[in-house]
Every structure is written in structure tokens, then in C-alpha cells.
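Hey, can you work out the whole structure from these sequences and the hints?
Chains as they are written, first to last, in my numbering: chain A, 634 to 977; chain B, 634 to 977; chain C, 634 to 977; chain D, 634 to 977.
Simulated from the structure, these hints should not be mistaken for lab results. Here the structure is a predicted model, which means the values were calculated and not measured. One or more of the hints may lead you astray.
[To be verified] Mimicking SDA-like on lysine to any residue, the simulated pairs with C-alpha atoms at most 25 Å apart in a straight line are:
1) A:Lys858 <-> A:Ser771
2) D:Lys858 <-> D:His806
3) B:Lys927 <-> B:Pro915
4) D:Lys800 <-> D:Arg719
5) D:Lys923 <-> B:Gly682
6) A:Lys859 <-> A:Gly975
7) A:Lys916 <-> B:Tyr750
8) D:Lys666 <-> B:Thr688
9) D:Lys923 <-> B:Ala821
10) B:Lys666 <-> D:Val911
So the chains spell out like this:
Number of protein chains: 4
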Amino acid sequence: MPSMSDQDSHQVRVGVYGASGYAGQDAVELLAKHPRARVVFATSSTYAGQPVPFTDLHYIRPDDAPLNPDTVDVVFLALPHGVSARTAAKALDAGIRVIDLSADLRLDTPESYKQWYGHDHPHPALLQTTPYGLPEFSRERLRGAQVIAAPGCYPTTTLLGIYPLLKADWIQHGAPIIVDAKSGVSGAGRDPKPHLHFVEVYGNLSPYSVGRSHRHVGEIEQEMKKINADAGMLIFTPHLLPLDRGLMASIYVHLAEDHGSEDIQMLYEETYAGEPLVRMLPKGEQATLKHVVKTNGCAISVTAVAETLVHITSVTDNLRKGASGQAVQCFNLMFGFAETEGLL
Amino acid sequence: MPSMSDQDSHQVRVGVYGASGYAGQDAVELLAKHPRARVVFATSSTYAGQPVPFTDLHYIRPDDAPLNPDTVDVVFLALPHGVSARTAAKALDAGIRVIDLSADLRLDTPESYKQWYGHDHPHPALLQTTPYGLPEFSRERLRGAQVIAAPGCYPTTTLLGIYPLLKADWIQHGAPIIVDAKSGVSGAGRDPKPHLHFVEVYGNLSPYSVGRSHRHVGEIEQEMKKINADAGMLIFTPHLLPLDRGLMASIYVHLAEDHGSEDIQMLYEETYAGEPLVRMLPKGEQATLKHVVKTNGCAISVTAVAETLVHITSVTDNLRKGASGQAVQCFNLMFGFAETEGLL
Amino acid sequence: MPSMSDQDSHQVRVGVYGASGYAGQDAVELLAKHPRARVVFATSSTYAGQPVPFTDLHYIRPDDAPLNPDTVDVVFLALPHGVSARTAAKALDAGIRVIDLSADLRLDTPESYKQWYGHDHPHPALLQTTPYGLPEFSRERLRGAQVIAAPGCYPTTTLLGIYPLLKADWIQHGAPIIVDAKSGVSGAGRDPKPHLHFVEVYGNLSPYSVGRSHRHVGEIEQEMKKINADAGMLIFTPHLLPLDRGLMASIYVHLAEDHGSEDIQMLYEETYAGEPLVRMLPKGEQATLKHVVKTNGCAISVTAVAETLVHITSVTDNLRKGASGQAVQCFNLMFGFAETEGLL
Amino acid sequence: MPSMSDQDSHQVRVGVYGASGYAGQDAVELLAKHPRARVVFATSSTYAGQPVPFTDLHYIRPDDAPLNPDTVDVVFLALPHGVSARTAAKALDAGIRVIDLSADLRLDTPESYKQWYGHDHPHPALLQTTPYGLPEFSRERLRGAQVIAAPGCYPTTTLLGIYPLLKADWIQHGAPIIVDAKSGVSGAGRDPKPHLHFVEVYGNLSPYSVGRSHRHVGEIEQEMKKINADAGMLIFTPHLLPLDRGLMASIYVHLAEDHGSEDIQMLYEETYAGEPLVRMLPKGEQATLKHVVKTNGCAISVTAVAETLVHITSVTDNLRKGASGQAVQCFNLMFGFAETEGLL
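Written out as C-alpha cells, the structure is:
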């Protein structure tokens, strides 16, 4: 924790890596307006030297970032896969806390990591000690933590959508859980790739990584199994939507027994009763992207579509509850602030 | 058939009802460019008196349309549900053929109609005699027909997507077939309703009529059962996409036995080998809206996502193969022209 | 001013008329988050009974609104032209202050009103006493005012764009000032009109009210002349943009003498040096909608395009600095709060 | 001309360079459907080996293209600035005709080229002999030509918009002509640049190259002066629109004398009376992008906005009449076909 000797003494000093990417930009914006945070540096390989929106800073190169506890208390890592783990290790060695927005620290074992990423993890010890930063599941492990792996948009939106059914064990054991997901383009990052050219995306809708090939399948199944060991496999089809931000997971779950819409609605409302950032829509109203874009919450609607089949729509802003908002929520827990500070 | 005495003698004279709606506009455009058709009138209650794009005509009120065989050989009905059946009956009584783009004549029985539409059918006899105009299923019944019920965007795209598996009986009997569908806004019609205001749709994605409540569920299941009586029920969730035209059905089907991606790909390629308007994408390429928008075809991709679970993406332009293009295809069969005349 | 006897005593009690329209929605959102305001009612003819976003209220019918000083201190009027003046008069008679977002109180004389609106003004006395609520021009008249006419998106964006040249009298006297303006669709209101249907706007760009026929021409010229009586006439061409919010005025102004880009840039920077909500972009950077959407500010860039011809790009969010944000800025001045309270 | 010995003997053999870019793609599509053309090769550095849509070909590298008269009669060059002139020279040397869609051959003198492009022209002789391919101005020079420089979207749309006033000499001599232009993103090419990323363009509107800095200013002024030597300078401000295709030039012209709307409308209608690809809208209707997108024409509306000031809206599809459609129109003239063959 920072010392308490001056006007800014109540503020945690935060460094943001990868701050010019879309998730990084939103993280800086949220932190700049956060009463208990102060952004002390923001890195960008591509935009070094240019001003950082919402701050008085200029982007610096990652190698020039002052990784020492006299300057910074915690770093947010909005870095590409692979780079993130190395930076996390370096920061932790220097006595600086870490909130990682990448997928590098989310899997529990080196074996699982190798299965989904095709190579050995550079710092396998980190995998076992880093808690999965979905506060609605495990906020106790996040309070005061030194390092947190904040999950991204697809895992967060999917897991929040099925959590009540898994926890209450209403699911049909072993039956596949089908997730038809749709994401705004900012989820694909800011690098100017051919398929992200405006003309390619405009007026289009494209599935990709259909079935079980997307890397986040491993992570989502890992967390599903922790909640309910009898959960079936995940069938996951993401699509690229022609809009900038917003993510929808359309989920189809088989139940073991018939439950009416009323029961299911009540289960969800009770499960999320105390959650400030999860909003159950009233029965009959469907969740849409407009419910969540530019907010830090998740909205959910449920419909019993057949005797033992439930349809769930779960939505988030992929850059907020699906990235930077989630990271700030973790930050609040890490430093003992009100969990929604700077998020409402 | 028209008489053969003048320059236009090779052309069928067509009247289009509801010609200022989005499907009606596309029908007029296709017919105006069709070498074997001549549009002789186009009705519009709202735009009567204004010029009809792609023609030298002006819209007339439906009551002013000259429904007699000296003037017109066939009428296209792009009319609202309910109005269409009455106009069809009137035209047929006058000895004029009918291609109906509405849902009024698609269900096979008065009972089924009453179940889905909540009231008695005004002309129940028409239900039994009118063939379902999906040429890929039943083109023989369409050749020379007096009246055809051309199916719309959701049924066409869904049915073409699952047809090979149903026909080959590879499906798991009784297992639900899940269709997560997404449609461009023109599918909702041209009436200026609040939820179709630009600002409401822009940047949004909205599910509606989730599960088994959409009226087209009955029609799709009816046709599924005809192909394979052991097909399970349909779970159908449509979404409104923030774009003008294009429709995607993302379909999840349980198989009775394990079939690899190669086998499934081959089954689809063989089933659709002779079809000029259905395009199987090569294995590994996913169907997107760009494959079909502003064309009269359907594009399909298939992926084996688990041992006995297949994911299919089927796409059409909702106003073309999902409406007016389909109607013109039926028109070609009705009058004995090449099936793709005016459609490639 | 409200009494000071309870916890909410520091908060001004605000009623919002027309609160379900796009400007009204944004006004409620800004006021709900404003530390010195409390929304006590929100009216909507169309959505009466439904919940009001960002509050615990439900919409009430305008006739049910409690227009008395025990309940409400000030009303925001986001009402259609004509209705607004009548409500303003009623509120003022009851001793309640008024901030009017409509155009009803912006013209200075009954004659001018009749010229642009085609009928007599219902409360002509109000025209002479109501100050024009563009704080950057006349904040002194707004402090403590009983009623303010907050200007809308086109006048605000245009006037802020040309103000420095008019005030410094660098303009060529009598030369027309050309404004090619582009607005997001929310500026056209929430009523579901045919030309606002998603499909009509998507992929399109449409000019309307070309030249001198738009009603706001009179209002803009009135304010131009107040700043510089030698200003030429306004040539104004608005366009409908295929996006939800954001407004750009592209302005072409003839100067009396040659001024280089440096001089013009400096004139603008000096004129707006103390303005918290007007941002001059650095020389060479052009203003775009992304600079202002979802903010309460205006951004401006200037370019000397020929010896005596200047191009100015002025942008606002049409619902914020062009409507509700402006109204809240006026509210802050009216009640003596910091001018940017609730706006940064 | 091709020999006449086989079934394809009536078809001109066409090679397309740069065929995977947006203009190149449209050129291939138009030529593939053109009854008098046969595409014999299509080059692409980036996509070599992949199939060419609308044909049975695969892209080849430009160096592998068979530039000899036994194989190809004419080449379309949809190549980047600089590369195009070299390829044109090579093709002409080999006895193959050339239609150039780049700006390389459009300026009349090496001096002018150097002024706007900053370096010497590689084949200056070509500048003097190559006609400017805007058929509405100079179709006689295009009939049977060996090489044509087809103008692009901004020059075409602007020049067609002001041509009648220049030709009739109604303009105020020396007064600047102001063009506020807006273009869809495909006009910026297919290379994945950061500012063309979907997220950057979505919901935005951006001016660029404001005033007199855009390279096409020189070309437009050159052609303006040919029509009317007393035309004033061009003030030109392009903007990037958040849509894929479509271009609008909003033009403000000072007249020497007062002309009413009727007169101006009539002048335009008479000037374009015989033009198959220029459509004058009826008085009172404004030109919008929907009038022209996916067509090969230009639509124009005119409004007298003050006594001696005219506003013109001129629109094209930037990839059609602004690129490939124009090139095909030139091709038809070059080979003596009907001018609109393959374009209606």
C-alpha cells in the first residue's frame, strides 16, 4: 500500500501495460476517474510518445516502465498472450502487485496450458497461485491478493450465464452446454488485420473457431467443472458482430428435471440477489446489448423453452465487465475498497 | 399463359401486391430484369400514386388492381398475414395464378393454422391444395402449379441447413434441434415501428420470440417431419441484427452415431450436388452473410463439433432466397422456364 | 432554492418533461448522476407507467405532473415545438423555474417567430425575457435566471464554430457563411417515422432542408448578428448520418484579410482559453465525432484553406452539448453551482 | 481486336491488375457478367493462388501475367499510384491496350504531376497522349483509344456535379468552388491500415486533407479549367463516412447572375438529357447514397439557396461510376460497344 504522507496518499499508484489497445484504453479511462487510483504510467509499443487520453501522461515503451515499489503499487497487464506472464513475473519479483487481463494466468495447470496454447508455460508456478478473478464466484480469494487473473469477455459472460444452474445442480449431468456467442469487433484487438478492415466487417456476420477450437473453451470448462463436476462439455461458437462493443452469449442448457420459467427465474434472482454488477431482467424481458454497453455490469434473461431445456441470454460490454471493468472490480477487492468503487 | 401475338408475347404478365414493402420491392426489381416476365401492376396502400422503382409504373391501390386474365397471368402476394389468403382466393377464382410470399398458405391443415395464428383460416381448402414452394425439396409439385406458398427467410434458411441430415436419417431421433438465428432488419418489414427506429437497432443485438413462440416454428416443424418423421422438436431463437439484409441460422443437431467432418461434408455436397442456388462451402470455411447478400442463393458450412453433434451455418439474403428470389424461382417452375432464369 | 432542512437539502428538485425522448433520456441520466440535483418526476405520454432508467421513478403523464413549488424547483422541457411554451408559462406562473430544450423560447421577437414557424407565438412576452442559453456567449445573463432557452445541436455547434471570427470581426462583411452539417439520427427524435426506419438510414447519407429552409437558420442568424452585425447570411445544409449520436458542422468562412493558419489557431485558442467545455484541437488535427460522442463538450479544428477562406470543423454530441448537457450547464449557472458540475 | 474464329470470338480478352483490391474486385465482377468481355487473368500480390470471385480463375502474381497480344487484348490497371504507369507503359509496348484506374495518367503535364506527387513522372510522354476518361465530357476522344485514364470517385462526382454551370458559363468568374465531400471506406483501399480498423470508423465521421491538400485537387481543377477557363479555385474537404460504399459531393457554387431554381434545374436536365448514366432528380428531391449504391450511375440534385448561390448534391458509388463502372464504360467506348453494355 502507498504511504500516507501527502494529498494523493489515499490513492493507489497504478501502471497500465498495453494501454493503447482497446481494453487498455478503457482501463485507463476507468482508473483515471477512480477516486482511489492514480495512473502513474501507461505503456504502448506503437504509440510511445503520444498523449494518453484521460490523463496528463504520454505513452512510454514497456521497457521504460519504472517497475519499482517507490513508483507504482500495482500494474494492469493488457498485453498479448505470452508477453503478459513474463511481465507479471517481473513485477511480482519487484514487489509490485499484478492484475492480468490476458489469458496467461487463468488456467490452473501447466498441462492444461500446454494443451490449449501448444507450448510450455514460461512461469508455471504462477498458474497454481493466481486466483481466477471472477468476483461473483470467488471474491474471498481476491481480497488482498498479490496477483489476480481477470477473465475475459467470453468466459465471464458465459460463466455468469450458467452459474446458477451449475451451482444448484439442476443441469443434466454430462449433457453438452451449447453457447452461441456474438462479439463486437473491439474484442479482436486494435491491430489492423485484414479481416478487421471496416469494409470486411460492415454488413457482415461471421462465425469463427466453431465448436471446441477456441482457446477459451479450456478455461470456461475448467471453471464450469469447479462449480459442478458433472457439467458436460462446452460447445462454443463465437461470431464477429458488425459493431464496436458488446458481447452476447446465447446459452442452451439441458436440465435433469422439468422446471418452469418461474422456478428458473427465481433461482437466478436468488443467486444474484446481492450482486451489484449482475442484473437479472424481469421475466419476459430479453437481455440485449443496449442493456450493458458502456457499463460495467452483466445482464441476464432466462426462458424455459421446453420441459428440460433452458435458454439464457447473458450480455456484457466486452471491454468492461469482459475486460477492464472486471479488472477494476478485482483491483477494488485487492486493495480493500468498495467493490463497485469507480464502476457505477 | 399469355397469348403469343405481339412483341411481349413471350413474357408472363405479373402483378405484384404489397410492392412497396421490402420483399415487394425486391420482387419488382427481380421481375423487372427477368427476361420472361413483365410487371403490369404493383400495389401499395401507402405509396399509391408514386413511381415504382425499376419500372415505368406507378403504385396503385390494391382495390384498383385489375384482377382479370386479359391483363395479368400471375400475382405475387407480398401482403401481410391474413390479407394474403383473401387476395389469393380472389385471384384464383378469377383464373389468375398465385405465388404467395406470406405465411397464409404454408401450413397443411386448418387445425395447425388455428394453433399458430389463433383464429380460423378464411379459406381452409387452399391449405390442402397449395404446395410448399421450397424447390430444393419439392420442385416436381411446383411445375405448372396454379398456386404456390413460397416459404420465408427463417424456414428456408433453417430447412436447407438441416435437410441432408434429416433425409439421410443421421439425426438422433427425438433430440431437439437448436436453431440460433439472426436476421437483418428488413425481415421485420417496412412499417415504422418503435423498435425498428434506427437509433434502437444501431449498435444493438436483440433476441425475440425465444424458444417455441415464433409463428414459423409450426411451419418449420411441419416440413421437418415430412422429411423425417423422427425429427425432434425445434428450439428456435431469432435475433435482430443491426444491418439491413442477411439471415444466418446457426444450427446444432445431435446425430445418432459418430460421423466425422469428412462424412458430413460429403453428405451435404452430394445432397446439394445438382442445386444451382445452394452452395456448400469447402470444409473449413464458415458461411458468412457476405457470401449471400444481394444474391438469390443459400450458402452452408458444416462442422462436426463433437462425436455426435454437428454445427451448421446456413445463410441467405432474407429478401432474396428468403423471399422474392424464392418466389421468382417458384415462378420459373410454375411457367416452365429455366429454374434460375433471372436469378444468377 | 430548496429549503435546507434534510439530507437532500442540498439538492435541487427537478422535473423532466418529455423524458422518454432521446434528449429527455440523456437529461435524466445526467441529472440522476448530478450531485446537486434530484429528479422528482419524469413525464412521457407514450411510456407512462414504465420505469425511468437511472432512477427509481416511473414515467407519469404530463398532466399528472405536480407543478407546485413544494415538490419541484425547476423543470426541464424536452417537449415538441409548441407544447413547450405552454408548459413553460404554466410552470413560471406556479413559481417554478424553467430550462427549455425546445426552440419555443429562443427567438427574440414574435415577428421572427411567426416568420419561421408560420403562426403567432402563444406567449410572446416570454420571448423578450428569456435569455439564450449558450453559456460560452452569455453566462452572466444565465446566473440566477428564472427561465433559460437552451439552444439545440445545430445552433450550438455552428455558433461555437464561428464565434471567434465573428467576435474579432475578421469576417468579410456580408459574405455568406456556408455550413455543411451532418447529424446522427437521434437528433430527429424518437417518433417512429418512415424515413427513420433502420433500413432507410443504414448505409445512406441524405441532405434535407437545404439552403435556408431549416427552421434553425433564423435562430442561428439572430445570434450571429448579435455578435457581429456585419455577418452575412447563413447557407445551411444538414444531412442525416447513419449513426446514432454525434453532430458535425463543416463551416466555410470568408475573411476580410489574409490570416495564416497560425493566427487563426491562436485567435481560437485565446477566445476559448477559459472555456471548460470547448476544446481547440492542436493545429493539424481535425475534429471528428469520436472526440465528443458521450461527452458534454464541443471540439473545434480550424484550417486556412486559401488566403481569405477558413474551414472550421465543429463537433458535439447532439444529445449532450447539443441538448441535455447544455441544459445541465445552464442549470448549474441558474442555481449557482460550478458550471461543469455533473458534466465532466 | 480479337480474332473471330471461335465461340468466344466476340469477346474481348481482358486482364485485370490489382484485382483483389476493392475497385479491382468490382471490375472483375462487372467484366465477368459483361457479354462482350472475358477475363483471362487477374493479378494480386497478396492473394496469389486463391480463387477469383465471379470467375474460374485464380489470382496470379503481377510478374506472372502474360502480357502478350496472343493472350490478352486490354488490361485494366487497379494498381497503386506509381506502379500503374510502369505497367501501362509495358502493356502498350507489347501492343496491349490499357484502361488505367489509378491517377498516374490523368494529369496533362509532367510539371503538374511533379507538383502534386512530388517526383518526376516515370513515363511523361504518356501524360500528353492519354485521354481523360470521363465519357460525359469527352467520349469522342475515347472511341477506339489505345489507352484511357479513367478518373476516380472524387473527380468524377465533383466534375459531373458542376459541369453544366461551367459549360454554360453561369459561374461567377474566379469565385472559389467549395466541395464538401463524403466517401465510404472502400475508397481508401483494402490495405489494413490502423485508421481503417472497424472500431475506428464505426460511429465516426472524419475530415481529412482539408482545403487544397488532397492530390485530386490538381486533377479536378485541370478539368474544370478545360471546361471553363474562368473557373475559380477548388476548395475541397473530403470526409470518411462509416459505411462501405457510396460517395457524396456537396457543392456550393457562386453564380454571376441570379438564376431561379427552375432555370438551374432546366440547365442540368438539358445538359444531361442524353446521358444514360447521369440521372437528374426531379426538383425538390435530394440525391442520397441510396440512389446510386451498387449502380454504375451518378445522381444529381440542385437547389438555388440564395440569389446567386447554388447547392448541388452529386452522388456515385465510389467503386462503380467512381472506379470500375467508369472503366467499363471507357472499355465499351474503346472497343465500339454500346456505351452502357454490362452497366445497366
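Going through the hints against the structure:
Annotation: proposed proximity of Lys858 (chain A) to Ser771 (chain A) holds, straight-line Cα distance about 14 Å (limit 25 Å). Straight-line distance between C-alpha atoms of Lys858 (chain D) and His806 (chain D) comes to about 11 Å, which keeps the hinted pair within the 25 Å bound. With a C-alpha separation of about 21 Å, the suggested pairing of Lys927 (chain B) with Pro915 (chain B) holds against the 25 Å cut-off. Taking the CA atoms of Lys800 (chain D) and Arg719 (chain D), the gap is near 35 Å; set against the 25 Å cutoff, the hint is violated.
Of the supplied pair hints, the one linking Lys923 (chain D) and Gly682 (chain B) holds, its CA atoms being roughly 21 Å apart against a limit of 25 Å. Pair hint Lys859 (chain A) plus Gly975 (chain A) does not hold up; C-alpha atoms about 30 Å apart against a cutoff of 25 Å. Proximity of Lys916 (chain A) to Tyr750 (chain B) is assessed by CA-CA distance (about 24 Å); at most 25 Å being required, the pair is judged to hold. About 22 Å separates the Cα atoms of Lys666 (chain D) and Thr688 (chain B), which keeps this hinted pair within 25 Å; it holds.
Distance check on the hinted pair: Lys923 (chain D) and Ala821 (chain B) sit about 20 Å apart at the alpha-carbon level, within 25 Å; holds. Restraint check for Lys666 (chain B) and Val911 (chain D): satisfied, since their Cα atoms lie roughly 20 Å apart, inside the 25 Å limit.
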